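A.B. asks: Add chain B to chain A, keeping to what the hints say.
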Amino acid sequence: MRARGWPRHAACSLIAGLGLIAASCALAADPIKIGFSVSLTGGTDDYGKAALMGFKLALKEYNAKGGYKGQPVEGVIYDDETKPAKGVENVTRLITRDNVLAIVGPVNSGVALAIIDIAQKQQVTLMDPIATAEDIIKRYAKEPKSYIFRVSLNDGIQTSFMVDYIQKKGYKRIGLMHDSTGWGQSGRDTALRLLKEANVNIAAGPEVFDQNDTDMTQQLTKMKDGNVDFIISYSLAPAGVQIAKSMQKVGVKVPWTSTWALIAPNFLKLGGKDLIEGIMTVTSYTIDHSENAKKFHAVVEREYAADAGDFHPVATAQTYDATRLVLRALDKVGPDPTRLEDRAYLKEVRRQMRDAVEGIDDFTQAVTKMKPRPFSADNHESLGRDSGFLAVWHNGKLVRAE
Amino acid sequence: MLVKLWQALLSGLSVGSVYALIAQGYYVTFITTGALNFGQGDFLMIGALFGVTCYVTLGLPYAIAIVGAVALLAIRTTLRHALSLSWVLSTVAVSIILKNAAVQIWGPEQIKFPSPFGDKVIHIGPAGIFPQELFIIFGSIGTVLLVQFFLKRAVLGKALTAVAYNRKAAAVMGINVQRMVVLAFVLSSALAGLGGVLIAPITFAWAYMGTVPGIKAFAAAIIGGLENPIGILIGGLAVGVLEQFFGIINSNLKEGITFLFVLLILAVRPTGLMGRKEIEKV
Numbered sequence: 001m002r003a004r005g006w007p008r009h010a011a012c013s014l015i016a017g018l019g020l021i022a023a024s025c026a027l028a029a030d031p032i033k034i035g036f037s038v039s040l041t042g043g044t045d046d047y048g049k050a051a052l053m054g055f056k057l058a059l060k061e062y063n064a065k066g067g068y069k070g071q072p073v074e075g076v077i078y079d080d081e082t083k084p085a086k087g088v089e090n091v092t093r094l095i096t097r098d099n100v101l102a103i104v105g106p107v108n109s110g111v112a113l114a115i116i117d118i119a120q121k122q123q124v125t126l127m128d129p130i131a132t133a134e135d136i137i138k139r140y141a142k143e144p145k146s147y148i149f150r151v152s153l154n155d156g157i158q159t160s161f162m163v164d165y166i167q168k169k170g171y172k173r174i175g176l177m178h179d180s181t182g183w184g185q186s187g188r189d190t191a192l193r194l195l196k197e198a199n200v201n202i203a204a205g206p207e208v209f210d211q212n213d214t215d216m217t218q219q220l221t222k223m224k225d226g227n228v229d230f231i232i233s234y235s236l237a238p239a240g241v242q243i244a245k246s247m248q249k250v251g252v253k254v255p256w257t258s259t260w261a262l263i264a265p266n267f268l269k270l271g272g273k274d275l276i277e278g279i280m281t282v283t284s285y286t287i288d289h290s291e292n293a294k295k296f297h298a299v300v301e302r303e304y305a306a307d308a309g310d311f312h313p314v315a316t317a318q319t320y321d322a323t324r325l326v327l328r329a330l331d332k333v334g335p336d337p338t339r340l341e342d343r344a345y346l347k348e349v350r351r352q353m354r355d356a357v358e359g360i361d362d363f364t365q366a367v368t369k370m371k372p373r374p375f376s377a378d379n380h381e382s383l384g385r386d387s388g389f390l391a392v393w394h395n396g397k398l399v400r401a402e
Numbered sequence: 001m002l003v004k005l006w007q008a009l010l011s012g013l014s015v016g017s018v019y020a021l022i023a024q025g026y027y028v029t030f031i032t033t034g035a036l037n038f039g040q041g042d043f044l045m046i047g048a049l050f051g052v053t054c055y056v057t058l059g060l061p062y063a064i065a066i067v068g069a070v071a072l073l074a075i076r077t078t079l080r081h082a083l084s085l086s087w088v089l090s091t092v093a094v095s096i097i098l099k100n101a102a103v104q105i106w107g108p109e110q111i112k113f114p115s116p117f118g119d120k121v122i123h124i125g126p127a128g129i130f131p132q133e134l135f136i137i138f139g140s141i142g143t144v145l146l147v148q149f150f151l152k153r154a155v156l157g158k159a160l161t162a163v164a165y166n167r168k169a170a171a172v173m174g175i176n177v178q179r180m181v182v183l184a185f186v187l188s189s190a191l192a193g194l195g196g197v198l199i200a201p202i203t204f205a206w207a208y209m210g211t212v213p214g215i216k217a218f219a220a221a222i223i224g225g226l227e228n229p230i231g232i233l234i235g236g237l238a239v240g241v242l243e244q245f246f247g248i249i250n251s252n253l254k255e256g257i258t259f260l261f262v263l264l265i266l267a268v269r270p271t272g273l274m275g276r277k278e279i280e281k282v
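So the protein lines, in turn, are chains A and B.
Mapping to this note's numbering: the first sequence position 206 is 206, numbers consecutive.
Mapping to this note's numbering: the second sequence position 271 is 271, numbers consecutive.
Bear in mind the hints are in silico, worked out from the structure with no lab data behind them.
Computed from a prediction, not measured in an experiment: that's the story for all the values here.
There could be a bad hint or two in this list.
Mimicking EDC-like on lysine to aspartate or glutamate, the simulated pairs with C-alpha atoms at most 20 Å apart in a straight line are [unchecked claim]:
1) B:LYS120 <-> A:GLU277
2) A:LYS253 <-> B:ASP119
3) A:LYS273 <-> B:ASP119
4) B:LYS112 <-> A:ASP274
5) A:LYS269 <-> B:GLU227
Far from chain A, by Cβ distances over 10 Å, these chain B residues were calculated [to be verified]:
6) LEU36
7) PRO61
8) VAL92
9) GLN110
10) GLY128
11) PHE138
12) ALA169
13) ILE215
14) ASN228
15) LEU266
16) VAL268
Think of the CB as a built atom: it goes at the ideal place given N, C-alpha and C, for glycine as much as any other residue.
Next comes chain A alone, as it looks inside the complex:
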């Protein structure tokens, strides 16, 4: 066996060797790459798929205008399956094997909190277009140079819209619920803090549930016992529908809101317009809030007509802006594509990318509500208190909550 196996082994090595040479030849002609890792399957895939639309659109437009020095920029797209471990794997791969200059993603906060450490340590810009946990930006905000940026409304800002609304309407007894994911828990902490600061009484909760629970009667019975007049519940679309259903069982009839999780198109599909009538959510973007937004939405509708209008406009818009900010930084840095194989040079370019993103001050074509200078040395959140509001489901459509 061994005598016969050896030449075959040698032949294999030879072929493998040739393959390597071929691969390294291909590497020399590699285009500039931007990484993209989001949830295309799993709990938050609604956002991921919508984000992918925005990412692809931004790249397509950029490349149609000539790309980078005549070369198209390539997007390397991975699915993190809404699992932190998979997200870590993707980002490591993007940085060490795909040699991307910057990364756009992820959409899930649990995943984001797991991967920002790698991006920061490896000094690669991570532009998060969706995830909302405050800690994503906060964790490295004190570092001299944080590599983490965001184009999304963080939980704190989203929750502050809720608290504003509660104060405006004069609600006195608030119920608090959240799912058991990292996102739900961080949301709970934020709500507890902001409600306390606003001197609003928490009458019931915090109550926890699993994101796939089908019966929320126990949690809601406690809301009922607490005599709440408004409920904040950090729940994704499927759990949101189950809450609405269980409310009918226990006979709880008070207005309630989640974060923007309930903008997801699947919320309407799973619940039906009668069940979700009156349920509230936070939004940062409507398809008609500005000229840029109107134009952009027309493009989205044209490009993705085949998806039968199954859009998540907010996620698409934010990712579109996030990706364009990264491409903008690329133009500013102006690296030499033929030298990117050199690790030291690649690292230097990545560092410059970060500084360039932070320094962008002429971004007037944003489709979300963001300033021409979205970031600064001490602020990596591009969307703030004046970028969003509470909306309510009415007759199967989202309208501004009065």
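C.D. replies: Relative to the frame of chain A, chain B by itself:
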């Protein structure tokens, strides 16, 4: 407090009866082959999604969707077994394949499965329950009893029981053991398929819907005693109700309590609540 307990009992029974139904599948294959059909939860998922295709996409009546899902899984299992038995060992791998296949065909998202009985809450005393949930409770318990009747009274069922009791003796008596093993798997898959169509209107139908119920049902089977079908029925209902009861005290306790209970049972009564005590002969 009474109101809370009553609501928890109703909710618990509806969740628990699903566990009981799936757990019966573990029982049927365990007694005949000594193996556990770990794909049980995912057969449930396939049943539910196939039900969606029949009921929602094709607009067939709910009853037909149920029969269709049960038949699909029964036929599928038969075909697999006609070819070989080694499949039994790879049920975990099969479950992964099933999930991925389901994502390819139906997509990864939850799909709404409207209940044929409507969405109007029925109030029994101070607590509410959906008509579909009542249907699940009675459907599952009825099915479990029907399976028992089949195993104890029908000739085919008796043959299956005989194989479970003593394989060699059954073979000597002219029973085709191989065929009975296949029957056991067909039966267990069909039960899972039925479970899928029953619970989909409550849980939504999606590729990952079977994982947690599959595990909980396994816990129910352990608690009730893997070799005692009535014990499994009670185990399933107990797990459902227990989760809800502990939810009253603290919603954080809900998830862990089942498995804590399993550990407790394993420590005190390793053969399950209603399992036969092993008698050690010296």
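A.B. asks: Next, verify each hint and record whether it holds.
C.D. replies: For each hint, the structure was consulted:
1. B:LYS120 <-> A:GLU277: Distance ~16 Å between LYS120 (chain B) and GLU277 (chain A) Cα, so the pair holds.
2. A:LYS253 <-> B:ASP119: Holds, at roughly 17 Å.
3. A:LYS273 <-> B:ASP119: holds, 13 Å
4. B:LYS112 <-> A:ASP274: holds, 14 Å
5. A:LYS269 <-> B:GLU227: violated, 42 Å
6. LEU36: Given that every Cβ of chain A is farther than 10 Å from that of LEU36 (chain B), nearest at about 23 Å, it holds.
7. PRO61: Correct as stated: the minimum Cβ-Cβ distance to chain A is 21 Å, above 10 Å.
8. VAL92: holds, 18 Å
9. GLN110: With a cut-off of 10 Å, GLN110 (chain B) comes too close to chain A, as the shortest Cβ separation is near 5 Å.
10. GLY128: The assertion about GLY128 (chain B) is violated, with a minimum of 3 Å to chain A.
11. PHE138: holds, 18 Å
12. ALA169: holds, 45 Å
13. ILE215: holds, 12 Å
14. ASN228: It holds; ASN228 (chain B) is separated from chain A by about 27 Å at its closest Cβ, greater than 10 Å.
15. LEU266: holds, 24 Å
16. VAL268: holds, 27 Å
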